[in-house]
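Visitor: Here the structure of chain A is known, so what remains is to put chains B and C in place on it, guided by the hints.
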Amino acid sequence: MIDLVREIAAGLFLFAGAFFLLAGAIGMNRMPDLFTRMHAASVGDTLGVSLMLIGMVFLAGFTLVTVKLVFLLAFLLFMGPVASHALAAAALQAGVKPLLASERTKKPSGKRKPSSVKGSGKP
Amino acid sequence: MLRTASLALALFAFWLLLSGHYTVWLVISGLVISILLALAGRKLGFADEEGHPIDRLFSGLIYWPWLAREIVKSSISVTRIILDPKLPISPQLFHTKVSARTSIGVATYANSITLTPGTITVGVDREHDRFLVHALTKAGADDVEAGDMDRRVRRFEGRAE
Amino acid sequence: MIAAALLAVLVAMALVVVRALRGPTTFDRLLAANSIGNLAIVVLALFGFLTERPEFLDLGLTYALLNYVGIFAVLKFFRHGSLGAEAEADKP
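Chains A, B and C supply the protein sequences, listed in that same order. Okay, so the first sequence: first residue is 46 according to the numbering used here, each after it adds one. Okay, so the second sequence: first residue is -7 according to the numbering used here, each after it adds one. Okay, so the third sequence: first residue is 1295 according to the numbering used here, each after it adds one.
Isolated chain A (complex conformation):
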């Protein structure tokens, strides 16, 4: 009985994690410039990976494997944002102009043609 509950919980977490990973991957292809792509990637890299690992914790039960999974999760959550921040800072310093919605237009199109004065995402 308890095994069945554990399997179902693991399945739910794995399914949700797969959904967010796929959403992040699709977003990385749909978004118009580097910084917006980073937002899409962070969906998969934080929530997607976390839900996957939590699902595997349910699968493993209470063993050394669980402790390793939790450690891996903590490591990813502490180091992920540092890498993202370094990437964003380096890109900005290298002259990648972020695509910005201007304040005046209430409904930004989000297409390749930005209404911004700062130019497109290409350096």
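FYI, nobody ran anything at the bench for these hints, they're computed from the structure.
Think about it this way: if two alpha-carbon atoms lie no more than 25 angstroms apart in a straight line, the pair counts; the simulated SDA-like pairs of lysine to any residue are:
#: 1; chain 1: A; residue 1: K142; chain 2: C; residue 2: L1315
#: 2; chain 1: B; residue 1: K78; chain 2: A; residue 2: A146
#: 3; chain 1: B; residue 1: K65; chain 2: A; residue 2: L67
#: 4; chain 1: B; residue 1: K89; chain 2: A; residue 2: A135
Guide: Only chains B and C this time, still in chain A's reference frame:
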């Protein structure tokens, strides 16, 4: 001293976790190496308040569940934007005020902003106490500006106000 | 169940590889490389569960450590033009 001991304990736990073999020789050598490394850390400067902030663990236990809920909420909203055929984004780049003073508070706040999908800390300016933040939508930018996370980080770093 | 999850992760990985190949700037490719690293960790862990050999988790841990070291090395190179002493100068 207490901090060095807790660092040694953490290193020893890491050794036990990765080794997986619990013979007398391996456990004792792990213990010796952990203690030596923690003592070296006092000289090299990673066994201090910034390198091993173990005293923030309990306020972390209050802060992290709230952060996890925020991550889930903003992930769902960003996913909704990604799967929307019109792609309704309005990217913003703006400065936000930081009231955290310790290095741990500033690092935690910057990482928390980056960790929640939809906002990224692009630059940290400690002289003017502000971050340069990139947000995917106007709503996300307003959420950061509202300063709820800022207040919680201040509580996390242990300055009651 | 595990096999289905593994398949989904591989599909996501393929999409990220498309971005790595398309991405106009170096930083797009680097972002994709970081994502591929994270997905590879999940793949390794899932494969360990699929074949019931949890040793694969150790590979995942090592991969996570190496992934971040690699990303920072490349970033530092693009930011300062070298990996060496010159980059130390801007530290406070």
